[in-house]
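Enquirer: Residue numbers (my numbering), protein chains in the order written: chain B, 148 to 637; chain F, 245 to 464.
Sample of chain B residues at the chain F side, in silico, Cβ under 10 Å:
id : residue
1  : F191
2  : T274
3  : R282
4  : W389
5  : H497
Quick list of in silico lysine to aspartate or glutamate cross-link-like pairs, EDC-like style, CA-CA up to 16 Å:
id : chain 1 : residue 1 : chain 2 : residue 2
6  : F       : K335      : F       : E401
7  : B       : K271      : B       : D342
8  : F       : K454      : B       : E573
9  : F       : K386      : F       : E312
10 : F       : K318      : B       : E416
11 : F       : K294      : F       : E328
12 : B       : K312      : B       : D232
13 : B       : K316      : B       : D232
14 : F       : K412      : B       : D195
15 : B       : K168      : B       : E245
16 : B       : K271      : F       : D428
17 : F       : K335      : F       : D428
Coverage of chain B stretches by chain F, computed from C-beta distances (three or more under 8 Å per stretch; other residues unrestricted):
id : region
18 : 195-207
19 : 578-584
Source of the hints: derived by calculation from the structure; they are not laboratory data. The C-beta atom is built at its ideal place from N, Cα and C for all residues, glycine as well.
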Amino acid sequence: MLSKLLAHPAFESPTKRLAMKYFAVALVLFGAQLLFGLLAAIQFLWPDFLFNLLDFSINRMVHINAMVVWMLYAMIGSVYYLLPDETGHEAAGLKLGELVFWILTLAVAVVVLVYLFVQVGPGKDSTIWLITEGREYIEAPRWADIGIVAVVLVFYYNVLGAYLKAERKTGIMTVLVADLLALAGLYLAGMFYTDNISMDQYYWWWVIHLWVEATWEVFVGAIAAWALIKIVGAKRRIVEMWLWIEVLMLFGSGILGLGHHYFWIGTPEYWWEIGALFSSLEPVPLVAMFVHVLYDWGKEQGRTQALENRSAIRNAPAMAWVSINAFGNFLGAGIWGFFHTLPQVNIYTHGTQFTAAHGHLAFFGAYAAILIAMMYLAIQGAAGIRIMRMTALSKWSIALLVFGIMGMTVALTIMGYEQTLVERAELGGGWQAYFTAQNLPWYVQAQGWRLAMGVVTFIGFVLLFVDLLTIGNRQHEERQHEMEPAPAAA
Amino acid sequence: MSQHDPSVWSSTSFWRRSAAWVTGFSAILLIFLTFDTMSQIQMGSDEDLKTGKVRRVPAPTVINHAIEYKMSRKRGHEVPVIGEEQPFFGKIWSPEDARALLHKGKVTVQAKNCMDCHTLLGNGAYYAPDLTKAWLDPAWQKGGLMQTLTRTHSTEEAMAKFLMDPPKYATHTRRMPNLGITRDEAVAIVAFLKHMSAIDTNGFPRNFSKPHQGEVTYAK
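Could you build the full structure based on these sequences and the hints that come with them?
Expert: Laid out in structure tokens, this is it:
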């Protein structure tokens, strides 16, 4: 089991050990995300389910918050994991890093318990500070915000310290150090209160959009670059050049692509043109990233096959997830995003399940996939396996997760399509129009399929969970058997 | 490293510099646009309402006025039209009181986590109707379903009564839960909703609550 590996990992690095802890919590929260998503999906079909006990708003809040938090945990884990390799140094303040891991985990637990058992508060400022901020994705109360900032500062100090000590500053680390600073700084834009809902949403999008459509994407670029070096032995010079091109294209399109959230929130009309133009360019780097992965893979595969007559891939599950990331990012964030990014279309699709369809596929393709790849790489390191192969569980979990997420995405797209036509275009988007559209067979049947595909996704997750827990030890022991002669007596 | 590059297109330092310039330029442009947008979405004053100066986000005292949502010939989409004075919960609110009420309304909307079922300005969850122009929804107007159900005679009273005990006035199997909203909180939420309906959202939602019939009514 994983705990055995965590107690005696093959690596000596304490920073990497800390990384494993972050991955472990991330995996648990990933499970929580899916569970609460299922509860919310059931409520769409049977609204009386847990009514007044665990209402949709609470399930949905835990669903999206668990996702954001598990991804941040896995991102921190990924950085700690590659830090010693990239800089040649351990995290600068390791004890502190260890301490804030426990503080953060405790704080997350408290926030979730308050979500579940206190749920909502009176209409007073104290509710914003203690219970919930009530703003989608960043519902965490203000005290937790401040705690998160403190934790992130410690994390950043650890990363920056190692980076500054490094004799050779790699491109991957330079991008990460700059990107993490922007990522952390942007969180501050979500930490204020205003009575003006337009201004509220203006800066709220600075956190949400400039995270997931700019800084997180650059983070993925950097992590994928590192993973390609580790998995197929891609050449650093090529990978890092690509990385800078990706940074150029991602920030060049993503920063002003922010405008596509400013079409209808009270902001001026010029955002139509700015948002439409730049967000239409956002898929371009995602195509580039996909091509880049295939290019490096093909190139290294050809070389090692010719020279050593073996596969270039040193970690098959991780490579599969890197490929899912490359294509899923393009499909989910790129294509499904472009579907409804033009204002002429968005005026009808804004606020329908179209957005949910895009959200599900994009978060899975762009972020979940690459972070799962990093988990497999970390376990390979912890178990000291030279070449990690796919197990049956790895394959089945990939098949079910991909099939499940795609199924949910298609179902949600159908709902969004129906809402767009019936609720918005035909009936004018009012109260009655909303419920009319919700009750039509296309919508209801699609909700059924979404739930079914959600269950498939969850089974895929369970298999992934078991695989991650066991693959390290199993392949480690197999390797021991191969290398050592069998003992004479048991 | 770069001096060995056969071409600038395969030079890491070229791309690094380009990335820095493009990122910096985009960020500066965003900050510049933010200054402009902030000045345009600053909440207006009571004075603006009295003099008829159109603001994208009006003063809280807009709750003392009738609000309509009409097609603008010039802009090609619907815009909020702020009309004559109209008492809100039976009185005209002073600028201070209106501001305090809007504050309480916005805080309550966050404290009750409205956004994880509803959408506000189209953002949020998709489990319940969009609230952007809820104040203008025919269901809450005279003769509308909700005034009939709640046995009230004004939009604000119907909304307040509903919010205090939503399951009692449920219209569909998907009900809104009772969130323990007090009378004061309900009045404040309604003020927030009325204020939001007066925000110029560039025509979102389009043809609000006007089932498509090929006709439009134009503003002056």
